[in-house]
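Top line first, the protein sequences correspond to chains A and B. Residue 53 is where the first sequence starts when you use our numbering, and the numbers rise one by one after that. Residue 20 is where the second sequence starts when you use our numbering, and the numbers rise one by one after that.
In short, the hints are calculated from the structure, not lab data. A hint or two may mislead.
As the list claims (entries may be wrong) - The calculated EDC-like cross-link candidates involving lysine to aspartate or glutamate, where the alpha carbons are at most 16 Å apart (straight line), are:
1) K407/A / D271/A
2) K60/B / D272/A
3) K453/A / E97/B
4) K407/A / E337/A
5) K90/B / D102/B
6) K101/B / E78/B
7) K60/B / E97/B
8) K60/B / E115/B
9) K338/A / D272/A
10) K453/A / E115/B
11) K453/A / E110/B
12) K599/A / E670/A
Claimed, not checked - Estimated spans, in silico, between C-beta atoms of each pair:
13) S117/B / G206/A: 49 to 59 Å
14) Y103/B / V107/A: 31 to 41 Å
15) G206/A / Y103/B: 28 to 38 Å
Glycine is no exception: its CB is placed at the ideal position from the N, C-alpha and C atoms.
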Amino acid sequence: MLANIGYFALVLALGAAVYAVVMGLLSAYRQNPIWLASARRAAFLTWPLITLAAVLLIILLVTDQYQVSYVSTATSRAMPLYLKITALWGGQEGSLVFWAWLMSTFTGSVMLRRWERDRGLMPYVIAVTNFTLGFFIALVLFIENPFARLWHDGAGQVFTAMWAPAGAVALTPADGRGLNPLLRHPGMIIHPPMLYLGFVGFVVPYAFAIAALITRRTDDEWIKTTRTWTLVAWLFLSLGLILGGRWAYDVLGWGGYWGWDPVENAAFMPWLTGTAFLHSVMIQEKRGMLKRWNMLLIILTYSLVIFGTFLTRSGVLSSVHAFAQSAIGPWFFTFIALTLIGSLILLAREWEHLKAENQLDGLLSRESAFLLNNLLFMGITASVFWGTVFPMISEVVTGQKISVGPPFYNQVAGPQFAALLLLMGVAPLVAWRKASARQLGRLMLVPFAVSLGVVAALAVVGVHNLLALVGFWIVTLVTGTTLLEFVRGTRARMRSSGENAAAALFNLIGRNRRRYGGYIIHLGVVLIGLGVIGSNMFQLETQGRLKLGEQLTVGRYVIVYNDLSAFQADDEREVHRAVVSVYRDGQYLTDLYPRRDLYAMQDGLQPMTIPGVRSSLEDDVYVLLIDWEPIGADGATFKVYVNPLVNFLWAGGLVFVFGMLVATWPSASEGRRATTLQVAASARAPVGD
Amino acid sequence: MLKRTLYFAALLLGLALSIRAAWAQAPTPAISDDEVNRVAKQMFCPVCENVPLDVCPTEACRQWRETIREKLQAGWSEQQIKDYFVEQYGERVLAEPSTRGLNLFVWVLPPLGVAAGVVVLWQVLRRMAPTASAPANRPPGPAADDEYAARLEAELKERR
C-alpha cells in the first residue's frame, strides 16, 4: 500500500516536472505570464510529491517491509535505526530518489527568490532545472524503481515487479541482506548528503547560465544572481570531499584518506572546475572579460556533476564506492551528451556577444594570474579525467583492462598542484590590470626570505627529501604572503579609521567577506598541503605477527600486543578486538584498540579492519589488526602506520570550512559595497573581490 | 643519470656479494611481511579493483601475497615477480601503468596537454594585450595598479 502511494507520488512528480518544462517554454514563446505562474507552481509541486515518496520509502525501510525489493537489499533486522534511515541513500534506487529530492529542494527554493530584475530568465530556469529533475524521476520510475516488490510463482521463480505478475504471489523474505558493511558507519549520515548537495547545487548557476544564453542577456547578471548559490554548492561539495577523506581514513583500513579511486575522482573533477569557475568569475565581474570561458566552465562543471553521478551509479567503472551496478548507463550517457552538446550549441550561438569588454593591460597582472590559475585547474581536471577513463579506453582498444593507480596521479597531478599552490601565494599580491615586477618583488621579499630560512632550518634539522623541501618552501611562502595580506589590510585600516588591531582585523574581514574569506580558505589549503606532504612523503609503515607481550617497532614508536577479546556485537558482527600499548622513545603513551569486524553477508563473511589511532599534532600512530593469518592470543598480525602531520590536513579542512562560511555568509549591511578604504568614491568597482 | 645507474649497479653488486657471503653461513632468512608489502603495494588484485594488494582483506589477495612471499624466498627480484603476475593476469595488476604500447598515452597526454595549454595561454595573453611590448619602457604609475593596493602603499609610505 505504502509502496503504491510512493510510486504514484513519483508518477505525479514526473508529470509536474514535464508540465513545468513545457509550460515554462510555452510561456516564454507566447509571452504569457499566467502560464509562467502555472509552470512555477508545478515546479514547486515536485517538492512535496518527491518528499512524500522519500518519506514513504524511509517508513518502508524502518519497518522492515522486506517484500519491497530495495528494503530487502539495503537493510536487515540487525541494523540500527539510523542506518535503516540512511539506507535511503545506501543503494542505487534509493539514492536516486534522494538525489531527485535534493534536486527538487534546490529547484523549488530557487523559485522562491525575488525575480523582479530577471523575470525574463525564469521560464528557462524552470525548464532547465525541471528537465534534469524529470530525467532523474524517470530513471527512478522506469529503471530503478525503489518501490518494486518481490513475487514468486510457486515454482521457484522470483520476480521483482511493481505489481504482481499473473499467477504470482507476494514473497516476503524473513530478513534483508543488509547494507554493505563499509557503509555501516556514522559517516553515512553526513558524507553522502553533503556530496549530493554539492552536486545538485550546481544546477542553479548552470540553469541561469543557460537561461542567459537563450535570452541573450549575456552581461554578468547571471553570475551575480547565482554567486551565493554557487558558493553554497561548492561549500557542500568541499565538505563532502573532506568528510569522505576522513571516513576513508577511519574505516577503510589502509592508513590513507585519498586513493584516487574513480568515484573519488568523479566527485573531485566538478570541484576542480567549480573552483576554477569561482576564481575566473571575478575577472568577469571586475573587468568584463572571460565571458565565454565562464560559460564554458559552468557547463563543464555541471556536465562533470552528471558524469560523476553516472560513474557512481552506472557501474561502468568498478570501484570500492560503486556498490550498485545497473543498466542505467546508456540512459545517463545519452543525457550527458544531450546536456553537453545542447549547452555548447547555445554557447556557440552567442559566441560573438560574449566578447570581452576590456583588454588585458599587462602580461603581469591579476588577470593573467587568474588565467594561469584556470589553466592549472583545467590541467589537473584533464589529467584526472584521463586517468579515470583510460582503463575503459584501453579495454575498448586493446581488449586489455589496465589499472591507473595512485602513482600515476601523484606523478602527473602532483607537480600541477605544487604550481597551483605557489600561484596561490603570489597571485593575491599581483595588482589588477598591470603590475610591476619590482613592486611585486618588494612585497614578496620578506615572505620569500622567511620561507628560505625555514627550508634551510629544516635541511639542517635533517629533512633531506628534495621534493619535501620544495613542498615545505611553497607552503611557508604561501602562508607568509597570505598572512601579509591580512597584515597590510589591518594596518591600512588602523591608519584610516584609528581602530585597534583586533577591531581593524575584524572589520577588515567583515567588510570584505568574499576576499578575506577566500584568503582564509587559502590558509586552509596551505594546512591541507602541509598534511599531504607530511603523510605522503614521510609515512612509515611496518607489519608483523606478534604473540602476546611481543612488540613491533616503527620509527620512534614501539607497539606492544597486550590482550585480545572476541565477541559478538549486537548487530551480529563478529568482533576481534586487540589491546596494544604505544610507547614513544621508551615512554608509555596510551592503549589502542584496533579491531577486525566480520559481517555475515549472503555472499560470505565480509571483514572490516577498524584502526586504533593515537593522534597528536606531530603525527598519527595508526594500528590495524589484520588477518593475514588467523587472529588469536598466540599470534595476531598488526600493521602500524605513522602518518606525520596528517592532523594538519583535518585542521586545514576546518579552516577551509570556516573560510567558506565567512565568504558565503550573507552580509548584514551593505557589505561588499562599503569599502574598507573608501576608495570606491573614485573607482567604479567595489574593492572587495 | 649515468652516475646514478653506476652507483646503483655498484650497490646491487655489493648487496649480491654480501648476500652470497651470508648464504654460505646461514639458511635464507624468512621473508618479512614488510618485504612482501613492498611488492604488494605496487599491485592491484584482479577481484577487488582499486584496493592495493598490500591492504586488501580478501582471501584471493591473501593467496597472492603468499605467492609473493614464496617468490621472494626463492630469490626473485621485484621486477620478476611483477612480470610474473602480469603474464598470469594481465597488465591490470600493476598500480602504475607501464609505458609500453597504448599505455604510453596515459603518461604522455597530460603533460603534453598542459604544455599546449601554456602555449595557448601565452598566445591568448599576447593577443589580449596588443601593447605588450610597450610597457617595458613605460614606468608603472599608480594608476595602473589596483586602487586598493595603491592606496595601501601610499598610506604605508606616509607612515615611514
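Evaluated hints:
1. K407/A / D271/A: holds (10 Å)
2. K60/B / D272/A: violated (50 Å)
3. K453/A / E97/B: Violated. K453/A to E97/B sits at ~22 Å, over the 16 Å cutoff.
4. K407/A / E337/A: holds (14 Å)
5. K90/B / D102/B: Holds. K90/B to D102/B sits at ~12 Å (cutoff 16 Å).
6. K101/B / E78/B: violated (20 Å)
7. K60/B / E97/B: holds (11 Å)
8. K60/B / E115/B: holds (11 Å)
9. K338/A / D272/A: holds (10 Å)
10. K453/A / E115/B: holds (13 Å)
11. K453/A / E110/B: holds (7 Å)
12. K599/A / E670/A: violated (29 Å)
13. S117/B / G206/A: 49 to 59 Å: holds (55 Å)
14. Y103/B / V107/A: 31 to 41 Å: Given range 31 to 41 Å: violated, Cβ gap about 56 Å.
15. G206/A / Y103/B: 28 to 38 Å: violated (53 Å)
When each numbered hint is compared with the structure, violations occur for hints 2, 3, 6, 12, 14, 15.
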